[in-house]
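Peer 1: The primary structure of each chain is shown beneath.
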Amino acid sequence: MEFQFQFDWQAAINAIPYLAKGIPYTLMISFGGLAIGFALGILFGLLSINKQWFLRWPATAYIEIFRGTPILVQVLFIFYGLPDLIGGPIDPLTAGIAAIALNSGAYISEVVRGGVQSIDKGQSEAGLSLGLSRTQTFWSIIWPQAFRRMIPPLGNQAIVSIKDTSLFSVIGVGELVRQGQVYIANTFTAFEVYFVVALMYLAITLTLSLLLRLLERRGVASI
Amino acid sequence: MTQIVKMKGMNKHFGKLHVLKDIDLTVEQGEVVVIIGASGSGKSTLIRCVNGLEEYESGSLNVDSHALAPKGGNQSTLAEIRKEVGMVFQQFNLFPHLTVKRNIMLAPMKVKNTSQVVANATAERLLERVGIGDQADKYPSQLSGGQQQRVAIARALAMEPRLMLFDEPTSALDPEMIGEVLDVMRELAKEGMTMMVVTHEMGFAREVADRVIYIHEGQIVEEGRPDDVFDNPQNERTQAFLSRVLAH
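Chains as they are written, first to last, in the working numbering: chain Y, 103 to 325; chain F, 1098 to 1345.
The set of hints was computed from the structure by calculation and includes no laboratory data.
The reader is advised that the hints may include incorrect statements.
[Claimed, not checked] Calculated cross-link-like contacts (lysine-lysine; reagent style DSS-like; alpha-carbon spacing at most 27 Å):
{"hint": "1", "chain 1": "Y", "residue 1": "223", "chain 2": "F", "residue 2": "1207"}
{"hint": "2", "chain 1": "Y", "residue 1": "265", "chain 2": "F", "residue 2": "1209"}
{"hint": "3", "chain 1": "Y", "residue 1": "223", "chain 2": "F", "residue 2": "1287"}
{"hint": "4", "chain 1": "F", "residue 1": "1235", "chain 2": "Y", "residue 2": "153"}
{"hint": "5", "chain 1": "Y", "residue 1": "153", "chain 2": "F", "residue 2": "1168"}
Since we're looking at a predicted model, the values are computed, not measured.
Build the full structure now, drawing on both the sequences and the hints.
Peer 2: Written as structure tokens, this is what we have:
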């Protein structure tokens, strides 16, 4: 029996319009989740280095729980588990955004903690010695410097989170992978379709990398 | 004469190390007090207590008209004290994300609500005074060490302090830049600024100080006019220290 495989360019091109419908969902879950995750990251990152144990402990618990469990389990828990608790269904898009938010928030907390702790103690001493309050010292001296150092790891987290959304096909949200699965079920062109899906992820992440590099260069230039 | 700093029986530990032992010290208005001693003797810790960057454990401390309580006590006067006390650090500690001028404008605008126009004019005047009026729009990293330290002095002066603390201000500088920083400090002293200076520059101490204090293992063991301390030290610890640092 002769076996020959040929990449079917026509099948790949035909799949594009259908697959592209998943892009807005992928972007919405990624960036919606990351925006909330960033807010959570600042909040819990700063709480995790607070002197008060009753602020530090809950923050540390949150970070460890969401870093220490798989994001797939987290989204399944939110989508299938939480409705039992709150007594009503959660739509897949909301569940996806919540999972990215909580998961990236834990990692971003660590980025924030590391960024803030990397700033030399002399900086806050200089601020305090000039009469600035602790809050003023933090927001006008420490944070701007810490944030610049946080840009590369934040970019890294954004890319990880974008790719993590591919797992959410399991809860039936119509993102890129889900669209691919549905399309393949009708056409049996798995090779071509997943190839195109991969290219679409790459287009998103490469664009983001480029933007971040520009942002980084501007940030570094002024230091 | 007004006493700007008054320390009475001050003690402090770092863990088991007794870094300050029963310190009694007063600094009069307009006086330049230079504190010398080996590294680890507690001289930096001593001046860092004055603006609360270090907390002491027992005794009492008054800065100008404010009492600063020991560790665990009411620290509500700290904000007022810090407004009146400027500090210059060994490592400059300029803010790298702000231009030279912004470094100087920050505290007056945030702490005293000085308008931007006034803060800007003050910054330009002070930069002129420390001899680097042409560097206002650069970032600290673009300046030499000596220039950075002069910016740091200008930054502290912008708050119009009653007292200036200098914590080894020339120790991180290349030898050829030490002079330019000492010149600025000498000018300040001449204009009547009250100063507490921790330094290893014995020439500066002899020339500018009204009083020299020698600290050994957390204790003031010798205190007096520079000529007396340098030429005729009474304590054998002081004699040993001076013969080490003045030998070369």
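Peer 1: All hints, please: hold or fail.
Peer 2: Going through the hints against the structure:
1. 223/Y / 1207/F: Roughly 20 Å separates the two Cα atoms, so the pair holds.
2. 265/Y / 1209/F: Distance of about 49 Å is beyond 27 Å: violated.
3. 223/Y / 1287/F: violated, 32 Å
4. 1235/F / 153/Y: violated, 36 Å
5. 153/Y / 1168/F: holds, 16 Å
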